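Kindly generate the complete structure, drawing on both the sequences and the hints.
As given, the protein sequences belong to chains A and B, one line each in that order. In terms of this note's numbering, the first sequence opens at residue 1 and continues consecutively. In terms of this note's numbering, the second sequence opens at residue 1 and continues consecutively.
It is worth saying that the hints were derived from the structure and are not from the lab. Hints may contain errors.
[Stated by the list, open to error] The calculated label-pair distances, taken between Cβ atoms and stated as ranges, are:
| # | chain 1 | residue 1 | chain 2 | residue 2 | range |
| --- | --- | --- | --- | --- | --- |
| 1 | B | Thr128 | A | Gly179 | 15 to 21 Å |
| 2 | B | Thr128 | A | Pro358 | 33 to 39 Å |
| 3 | A | Glu101 | B | Arg15 | 42 to 48 Å |
[Claimed, not checked] Every beta carbon over 10 Å from chain A, so not counted as near; a handful from chain B, in silico:
| # | residue |
| --- | --- |
| 4 | Ile4 |
| 5 | Glu200 |
| 6 | Leu285 |
This one's a predicted model, so the numbers in the text were calculated from it and none came from an experiment. Ideal Cβ positions, reconstructed from N, Cα and C, are used throughout, including at glycine.
So the chains spell out like this:
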Amino acid sequence: MPPAQKKSAAPAKKTSAAKPSSGFGGESPEQLRAYYREMQLIRRFEERSAEMYQRAKIGGYCHLNLGEEATVVGLMSAMAPRDYLFTTYREHGYAIARGIEPGRVMAELFGRTTGVSKGWGGSMHLFDVDARLLGGYGIVGGQIPPATGAALAIAYRGPGGPETEAVVCQLGDATTNIGAWHESLNLAAIWKLPIVYVVINNRLGMGTPVEKAAGEPDLYKRGCAYRIPGVRVDGNDPIACRDAMKEALRLAREERQPSILEAVSWRLRGHSVVDPAKYRTKEEVQRLHDLDPLTAYRKKLVDTGAADMAQLAAIDDEVEAQVNAVVEFADNSPHPTPDQLFAHAYATPVANAPRELPGDPLLRA
Amino acid sequence: MAVITYRQALHDTLRSELIRDPNVFLMGEEIGVFEGSYKITAGLLTEFGPERVRDTPIAEEGFVGAAIGAAMLGLRPVVEIMTINFSILAMDQIVNHAAKIHAMFGGQSRVPMVIRTPGGGGQQLAATHSQNIEVWYAHVPGLKVVVPATPADAKGLLAASIRDDDPVMFIENLALYNTKGEVPDGEYVTEIGKAAVMKEGTDITLVSYSRMAAVALDVAKRLEDDEGVSAEVVDLRSLRPLDRDTIINSVKKTGKAVVLEEDWLSYGVGAEIAATIQEGAFDYLDAPVRRVAAAEVPLPYAKPLELAALPDATALVKVIHETLDATRFRG
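Shown next as C-alpha cells:
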C-alpha cells in the first residue's frame, strides 16, 4: 500500500510560521485544543461502541470512524449549520461533530427511543433534522442521488451567494465505482448544483484495496468526465481538511460549482466491529499505529506549544467522563414498545393501511 | 363534467397542480422540449419554464434519487419514468430509499414525491417494454401504489398523489391514454386507498385494476345485456394500501369472484386478492376464486403470440362462464 499522496490542489494552507504559542493553521491554541477534544471524543466514543457491541448492547452492523477522526473534525468544522450532510453508514463521528448530543447517538446504536432516529435506524441510519444531518445510509451509494436532489432543491429556490445553503455528500473510496455516483455527478454538472462530494479514502473497500477496484485510483480525478474539479487532502490533518472543505463549500455556494474532495486516511480497524481484518499484513498493522491521526495531532499540539501534556491529559479525562455518561444515558433509555410499530408507516393517515401483526387475521372484525 | 381522454386528464391535472403549488415541479426524460414520450406534458415547458418542467438525462437511478432528496427538502417532485420497465433501473432508490426514509429515520423526514409511469402490453413492444410489474412496488411497505383505470380517477388520484406526503407510484397504462370518460370539472381529489365499485351486481364479482378494469366493466355490461348476468365490478384503484373490505363485501353478496389482471399469474395481484377473499368470505364462496392473468412468458413481439399471452375479454368471459357453471348458475 503506497503512503499518503498529498498532492493536494486545495487552497493554499496558511501554515503559520509564527511563534509556537500562537497556534497553527490560522487557529488559536484554544480552537486547536477544541479540535483535539472533538477528535478524542470520537475516538473514545467509537472504542466504547466496539465494547458495547461485544457486550451485545448494540446489534446489527457497526462501522467505526477510528482513524478518520481528523477528517471528521476538519470537514465538519467547515460546514455551516445551514448546510446539509448526507453520509454513509460509517457516520457516528459525523453526527457528533455536527453538534448532535453524543448520548442520542449512542442511544440510537442501543436502539432506544431517545436515539436520533428513535431506534428505527441503528448505527447505519443516524438522522437529525435540526442538525441537518439528512441521514447515514446503509446502501453503498444510495445517499448520493438524494443528496444531489437536495442540492437541486436549494438551486430551485434561488441563486447562489455566500450566505446560501450547500449540500455535503460523503462516500467511501469504493463507492466511486458505483453508477449512482456517476449519474449524480453528471446531474450536478449539467444543473450547476451546490454540492460537495467528499470521498473518504481509507484505502480499503471492506478488504479490497483502492488500486484493485478503481480504474483511476486518484479518486479526486473521477469527476473529470463531467468537468467537475477535485482535490485531495491529507485526511490526517484536520486543518487541511477544514480549509479544503471551506473552499469546496465556497465554490458550491457562490459559483454553484460542484466539486470532489478526497480525504485520505487509514482505517485503523476492520471494516466493521466484527471484522478481524486478517487481510492486513503485520507490517501494515504496525504502520497503522504510526499513522494514527490522534497521535500525530497530539504531538503537533505539544511541539508547537498549542497544548502541554497536562492540558491534553485534562481533556482526555473530561472526554472519558463524558463518554461514560453517554453510555449510561443510552443504557438507561427506554426501549421502544411494539405498540409503536406502525407509528411511521406513512407520514399521514391513509385508508386501509395495513396494521396486522404476524398471525393476526387479515380482516379486522 | 366534460368527456376527455385519460391523457388529457393527466395533463390538465399536472398543469393545475403546477399552478396551485410552487413547490410542485416535473422531471423526467424528454418531458420538456419533446413534450413527453406520450405527450402528457405537452405545452407545460412553455408555460412553466425549464426549472419546473425539467428534462433529465437518461439516468433513472440518478433523477429518481434526486427527486427523493428534493422532496426531503420540502419540494413536491412529480417524476415521469418513460415506462415502468425503466423503473427497474431506479429500483434501489424507490425501494431502499423512497420507501424507507420516513420510517427508518424515525418519522423525521417526509418524501412527498410521485413517480408517474405507464405499464402495459399489447403495443408490440416486445419483452422488455411491455411489463406489468406494479406488484413489485405493491409489495413494499412505505410506498403507495395507485392504478387509475378511468380519466376521472386519473385526475382525482393524480391530484391526491401530488398532495400526498408519502412517495406514490402512479401507474398508468399505455392502452388507456386515448380512452375517454367523464371527468368532473374543477377541484377533484380522490382518496388514496379506496377501491371503487364501477358497476353493481349480484351474481359474480369481477376484481380488477388499471386497463383490465376497463375491460372487466365492458364485459360486465355485455353479459348483463346479452345473458342477464349481473356482475359487480370492483376497481381496486390502489394496490397499496389495498381496500380489502370493498372486495370482501362484494363477494359476500355474490358468492363468486374472478380477478382480471394484466400482470403474470404466479405471485401476481390476483393471488393477493384470492387470499383475501378466501380468508374474508370463505363461508360465502360458491366456487373457487379464478384468476385471468398474463401467460408466464417474456411477452413476444409477433402479434399472434402477443395476443395469445395477454388476458382479454374473451378469456374473462370464458372464466366467468366456467365459474357460473360450477355453481349451476342460471342467468
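Hint check results:
{"no.": "1", "hint": "B:Thr128 with A:Gly179: 15 to 21 Å", "verdict": "19 Å, holds"}
{"no.": "2", "hint": "B:Thr128 with A:Pro358: 33 to 39 Å", "verdict": "37 Å, holds"}
{"no.": "3", "hint": "A:Glu101 with B:Arg15: 42 to 48 Å", "verdict": "47 Å, holds"}
{"no.": "4", "hint": "Ile4", "verdict": "27 Å, holds"}
{"no.": "5", "hint": "Glu200", "verdict": "21 Å, holds"}
{"no.": "6", "hint": "Leu285", "verdict": "14 Å, holds"}
Going down the numbered hints, you'll see the structure goes against none, and every one checks out.
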